[in-house]
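Undergrad: In case you want the letters, here they are:
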Amino acid sequence: MGFWNFVLNFWTELGAWVGNVLSGWGLPPWAVNLIADVLGVLVLVVIGVAAVLIFTPMERKVIARMQDRPGPNRVWPYGLLQAIPDAIKMLTKEDIVPEKADRQLHMLAPILVVIPSLLVYAVLPWGPRIIGQDLNVGVLYIVAISTIHILAVLIAAWGSDNKFALLSAFRVVNQLLAYEVPMILSILAVVLFTKTMSTQGIVEAQTLPYFLVMPIAGFVFLVCALAETNRSPNDLLEADSELVAGYMVEYSGMKFAMFFIAEYVNMFASAILLSTLFLGGYKFFGLENAAPVLTPFIVFGKASFVIFLMLWFRATFPRMRFDHLVGFSWKFLVPLSLVNLILAGIAVKIPVADPRWEPWVQGGVMAIASLVIIAATAWILNRTARKLEGAPALKRIVAAER
Amino acid sequence: MNVSQGVFILLSAVVLIGAAGVVLHRNLFRAALFLILSFVGVSGLYILLEAELLAMVQLLLYVGAIAILIVFAIMVSRQLMSPQFRDRNEQWVGGLLVAVVLFAVLAFILLQVNWPTAEAAVPEDAIAQLGQALVEGDQFVLPFEVASVLLMVALVGAVIIAREK
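Residue numbers (the numbering used here), protein chains in the order written: chain A, 1 to 402; chain B, 1 to 165.
Take these hints with a grain of salt, some might be off.
Footprint (simulated), chain A over chain B, 3 or more residues, beta carbon under 8 Å [what the hints assert, rightly or not]: (1) 69–76; (2) 109–115.
Covered stretches of chain A, as calculated for chain B (at least 3 residues, CB under 8 Å) [what the hints assert, rightly or not]: (3) 137–144; (4) 150–161.
Each pair of labels, with its calculated beta carbon distance range [to be verified]: (5) ALA162(B) / ARG383(A): 23 to 29 Å; (6) GLY15(A) / ALA121(B): 24 to 30 Å; (7) PHE140(B) / VAL49(A): 40 to 46 Å; (8) GLU136(B) / ASN289(A): 37 to 43 Å; (9) GLU90(B) / VAL38(A): 36 to 42 Å; (10) GLY157(B) / GLY15(A): 29 to 35 Å; (11) VAL38(A) / PRO116(B): 34 to 40 Å; (12) ASN89(B) / ILE111(A): 32 to 38 Å.
I should point out that these hints are in silico values taken from the structure, not numbers from a laboratory. Idealized CB from N, CA, C, for every residue including glycine.
Using the sequences provided together with the hints, build the complete structure.
TA: Structure (structure tokens):
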């Protein structure tokens with residue numbers, strides 16, 4: 001029994017064991033806490049960076065399969081270890097700094113781009129009490145920290161002194177700020193329902209996964225996460241057919257690899273955030289109570305599913321034109337998420353006599369209202385498309401294509 | 001001296017170095033980066049005061065929005081970065097005067113006011129209380145709504161100015 005208890009609560013037991021060993025060495029409590037904290041930070045950073053090694057092979061294989069080609073298949077097994085020779089190649093490449101570049105800023109940008117991506121991991125919950133730091137402003141912290149990413153891109157572009165990089169910097173302000181607004185509005189709807197901004201509290205409050213309760217917010221958040229992580233079809237900052245590689249065009253070797261790492265660390269973080277906010281985080285049909293040892297794997301599984309969705313988007317959609325991308329945010333996502341926010345505000349105020357039924361009644365009302373809004377949106381879009389079909393300009397284009 | 005005092009001195013040094021960098025650095029882009037360093041230091045001070053919400057809003061609004069717009073504006077106006085650009089104009093006497101007077105007034109106030117210190121710890125639900133206070137009829141609902149109307153006016157004005165004729 002004791003053994004099973006140990007296995008089922010492995011992570012908390014591990015934490016207690018490390019604490020006991022350190023105190024056993026005769027260290028004072030503050031030193032024990034300090035060492036335990038440093039170990040925790042190391043684990044979180046390693047998880048973040050390990051995401052690169054896990055998700056690059058996944059991305060290449062999955063997209064290859066979707067595009068009906070084998071993908072990398074040389075490095076054993078099935079090309080899954082392709083990331084290792086790639087990393088060695090990166091490390092051995094020459095480090096080039098352009099002659100007219102601002103040397104110090106050029107160096108600063110690759111460092112600054114990774115820091116916010118890793119800082120986000122501090123508040124992502126891996127299980128009940130398995131979290132770096134359960135801040136009571138957790139979600140706001142994530143949003144605030146991620147804005148430093150924009151700054152890093154601006155510094156990279158400026159420090160490179162390259163026209164393509166500068167064009168990319170003009171886009172970053174437009175695109176990332178535009179998509180931050182609907183993203184915050186959809187998070188706000190979740191926070192209204194949970195009445196807390198702590199990521200742990202949001203998971204605990206989800207009796208129903210919120211993508212069932214508020215599908216609109218979930219959809220808006222997914223689209224914004226795609227844009228914020230700068231992934232195709234929204235990768236306009238580095239659109240290779242227009243801007244070569246955008247803000248990272250002058251970077252080579254390990255400094256380029258830092259941008260690459262930051263992209264995957266970001267992608268994994270927003271996948272975890274999406275599963276925390278909308279897919280129930282570490283909850284999985286009561287399994288989190290039966291076997292707490294499995295909660296990190298549940299989170300990982302859900303995050304992998306979200307990343308699979310992102311790859312699916314990438315393989316399916318062509319890159320959007322820039323004005324369409326920004327217009328899509330301001331004219332479609334922002335009004336939609338505002339409507340969703342108003343609905344959430346009304347739904348949480350519905351009085352329910354029995355507190356046990358509260359999430360079900362309020363969630364049900366919210367879900368039905370969301371479905372009505374989705375149907376109305378689809379109807380409006382369909383009508384507009386039909387009107388455009390008859391527009392003379394479009395007719396000319398269609399005729400020319402034929 | 002305890003730990004929080006040490007952290008305070010460190011953060012104050014960051015804020016002051018950043019602020020000095022803003023006025024002393026000749027390269028405008030770097031001056032803007034120093035401004036961001038100063039903002040980050042201020043948000044650190046808020047965390048030290050256990051005002052996490054304020055710290056996050058400081059990061060989100062000042063670093064995430066205002067500073068980035070400043071950096072963006074500097075990048076767009078190339079002229080600012082040329083070596084011929086003079087960093088003072090004919091109004092420097094007036095500017096100096098205003099700065100000295102402002103500094104004198106602030107220093108006077110800082111020395112005069114008997115700063116009250118709260119003995120009680122920050123309550124657990126401080127953020128919830130703040131949210132309640134902003135929408136409660138007998139507290140801050142009027143300033144809150146007036147501020148939102150002001151923002152709305154600015155938003156509509158910006159759209160009207162930017163709209164193509």
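Undergrad: Compare the structure with each hint and give your call.
TA: Comparing the hints with the structure gives:
1. 69–76: Holds: 5 residues of the stretch 69–76 of chain B have a Cβ under 8 Å from chain A.
2. 109–115: The restraint on the stretch 109–115 of chain B is violated, since only 0 of its residues have a Cβ under 8 Å from chain A and three are required.
3. 137–144: holds (count 5)
4. 150–161: holds (count 6)
5. ALA162(B) / ARG383(A): 23 to 29 Å: holds, 28 Å
6. GLY15(A) / ALA121(B): 24 to 30 Å: holds, 27 Å
7. PHE140(B) / VAL49(A): 40 to 46 Å: holds, 45 Å
8. GLU136(B) / ASN289(A): 37 to 43 Å: holds, 39 Å
9. GLU90(B) / VAL38(A): 36 to 42 Å: violated, 56 Å
10. GLY157(B) / GLY15(A): 29 to 35 Å: For GLY157(B) and GLY15(A) the Cβ distance comes to about 55 Å; the hint is violated.
11. VAL38(A) / PRO116(B): 34 to 40 Å: With a Cβ separation near 38 Å, VAL38(A) and PRO116(B) satisfy 34 to 40 Å, so the hint holds.
12. ASN89(B) / ILE111(A): 32 to 38 Å: Holds: the Cβ-Cβ distance is about 37 Å, inside 32 to 38 Å.
In this structure, the hints that do not hold are numbers 2, 9 and 10, in rising order.
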